[in-house]
Amino acid sequence: MNWELALGRAFLTRRVSQERRRVQVVQRRAGPARWRRDALVVAGVQWDMRPVASAADWTARLVIQCDLAARAGAALLVFPEYIGLSLLGLLSEHRALRTASAAALSPADVAVRLAAWAPVVVPLYRTVFSRLAAAYGITVVAGSTLVAEGERLENQAHVFGPDGRLIMVQPKLHLLAVESQWGVVPGSAMAPIAGPLPLQPVVCYDASFFETYRLARKQGAELVAVPASDPDPAYLTAKARRGAWARTQESGLVSVVGAGTGELYGILFTGKAAVYAPMAETPAGDGILAESPHPDGEGVAVATVNLERLQEYRQDVPTARPDRVSDWLGPRYEALLPWLSGSAPGPRAHPPTASVR
Amino acid sequence: MIRLETLSYWRGDRLPNTWGPASDLILLDLLQWPPRPQMARWADGAQVPTLVAAREPDGGSRRADLYDGQGRLVGSQLQTHRAPGADEPSVLGDDIHVFDLGGHAVGLLVGEDLLVPEVSRTLTLMNAELLIALAAPRLPEYLGIWRESQQNQVIGFGGGAPPLLTVPCEADPEEAGFLPVESLSDWVRASVPWGSLAIARETALLTQLNPRAYLAHPWWSA
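Protein sequences appear in the order of chains A and B. Using this note's numbering, read the first sequence as starting at 1 and increasing by one per residue. Using this note's numbering, read the second sequence as starting at 1 and increasing by one per residue.
By construction, these hints were calculated from the structure, which means they are not laboratory data. Any given hint could be a false lead.
As the list claims (entries may be wrong) - With a cut-off of at most 25 Å between alpha-carbon atoms, the simulated SDA-like pairs for lysine to any residue come out as follows: (1) K239/A - A176/B; (2) K239/A - S76/B; (3) K218/A - G102/B; (4) K239/A - R14/B; (5) K218/A - D67/A; (6) K239/A - E175/B; (7) K239/A - G195/B.
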């Protein structure tokens with residue numbers, strides 16, 4: 001590690017320690033939020049990702065969103081992916097980072113900075129969200145942040161129960177190319193469901209793969225929390241419909257999306273906080289229970305879901321024949337392993353059944 | 001050597017009276033099966049490969065048959081899944097296939113197979129570049145073949161009203177993933193945008209699959 005990174009790390013470590021001692025959240029509710037299976041209020045937060053100068057400022061902004069959700073009776077609140085990286089603003093050098101264009105900071109430059117600094121803010125990130133969850137008695141999916149697992153850097157979603165305990169940590173399983181360039185590695189398993197809600201976190205791009213919702217359903221999830229931060233400066237409805245919305249229709253599970261917006265270190269984010277349900281179970285028949293009107297700025301999307309009805313609905317959702325999938329996909333997934341690990345040149349070719357040439 | 005640059009599509013009760021606009025592959029979405037000899041004669045007259053899909057009478061399975069330009073039956077795909085809770089069809093196919101059409105790998109989604117993403121994923125992992133959905137249930141635009149195009153980074157053609165030609169959003173200048181088709185009387189004609197595959201696969205979605213995680217929790221087992 002060069003001196004600049006090492007100094008930054010030492011400075012950040014001291015700031016995090018000081019800031020953690022100052023984190024205060026006024027108690028809003030004694031005990032966990034009440035909810036019923038036939039009327040569960042859930043909320044996704046749309047959040048400006050800009051770096052913050054102090055944990056107090058950050059907490060004050062978070063409290064505004066929590067207040068909105070709590071007033072609506074929410075028992076679940078989902079924040080966006082990478083929200084923890086806003087805390088790198090505590091670093092004095094953040095101004096240089098923020099003003100650096102993507103071209104000025106190569107992915108390799110970003111990678112070494114993230115590896116040196118991002119894990120340092122994790123204790124502060126966890127303290128703030130733990131206290132928020134306990135103060136409001138809400139299950140909080142605290143978006144995600146970068147966590148060092150030995151030599152590995154994972155993008156991990158954190159779930160805090162209504163008593164403030166950290167109850168689930170779910171690494172992102174499918175990475176964008178830019179994340180791989182930053183040195184992030186994918187997780188290797190779904191976390192077991194824990195806490196009062198039948199909830200599975202699925203991090204952003206993970207929702208582009210039907211497999212994650214199949215895994216979530218296998219685990220017993222009825223709700224999927226999707227912390228997302230889409231690094232795309234132009235929001236497009238079609239692109240937005242191929243992630244959590246599509247998986248919701250495919251699986252019959254409810255998706256609660258927290259979306260990052262704004263700019264963080266030269267990267268522009270757009271997205272809408274939302275609650276998606278199967279089309280037949282939404283008033284307008286569009287699969288949307290609540291969605292932020294704009295892909296920029298902040299806000300909360302709140303909806304009430306009926307888990308009992310959705311459980312019935314899922315009886316009519318097509319599923320794959322177990323005997324066929326084990327024959328079709330099991331061996332093909334296994335065959336991908338050497339290719340993805342770089343020890344084989346490509347997936348095995350499959351001869352066609354018939355040729356017309 | 002045939003080529004596969006264009007395809008034409010017709011949907012109706014029975015075989016059309018014409019072979020439609022010039023194309024490299026004819027797709028027929030029929031309500032009733034013609035007798036096989038009649039179908040073979042029709043395909044022979046077409047002089048290009050013909051893919052015909054229909055349902056067997058009395059609640060039977062949906063099937064797609066592939067004929068070459070000389071009217072010979074060269075392959076068949078039976079639907080492999082039925083709607084949840086449905087008793088029909090009583091017979092389902094156990095295998096899925098990719099067909100080599102002019103050097104391109106083509107997978108078929110017949111009937112309810114379009115609703116089961118495992119089918120499309122398997123075909124993609126069998127190297128299918130084009131997925132054709134026939135005899136499929138009617139679905140909103142962002143579901144069905146569009147969804148399978150997106151999550152497999154392949155070209156899709158979905159029969160129905162209207163028929164849809166789909167590509168991954170990255171391969172569409174409008175970034176919506178729907179490409180125009182040409183309506184010609186009762187027929188529809190489309191150019192197969194093979195060039196879009198290279199663009200789409202720059203996003204490398206399939207290289208991000210995480211088989212280790214899937215195999216750790218095989219959702220298909222009890």
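A quick look at each hint next to the structure:
{"no.": "1", "hint": "K239/A - A176/B", "result": "7 Å, holds"}
{"no.": "2", "hint": "K239/A - S76/B", "result": "34 Å, violated"}
{"no.": "3", "hint": "K218/A - G102/B", "result": "41 Å, violated"}
{"no.": "4", "hint": "K239/A - R14/B", "result": "38 Å, violated"}
{"no.": "5", "hint": "K218/A - D67/A", "result": "33 Å, violated"}
{"no.": "6", "hint": "K239/A - E175/B", "result": "8 Å, holds"}
{"no.": "7", "hint": "K239/A - G195/B", "result": "20 Å, holds"}
Comparing the model with each numbered hint stated earlier shows that hints 2, 3, 4 and 5 do not hold.
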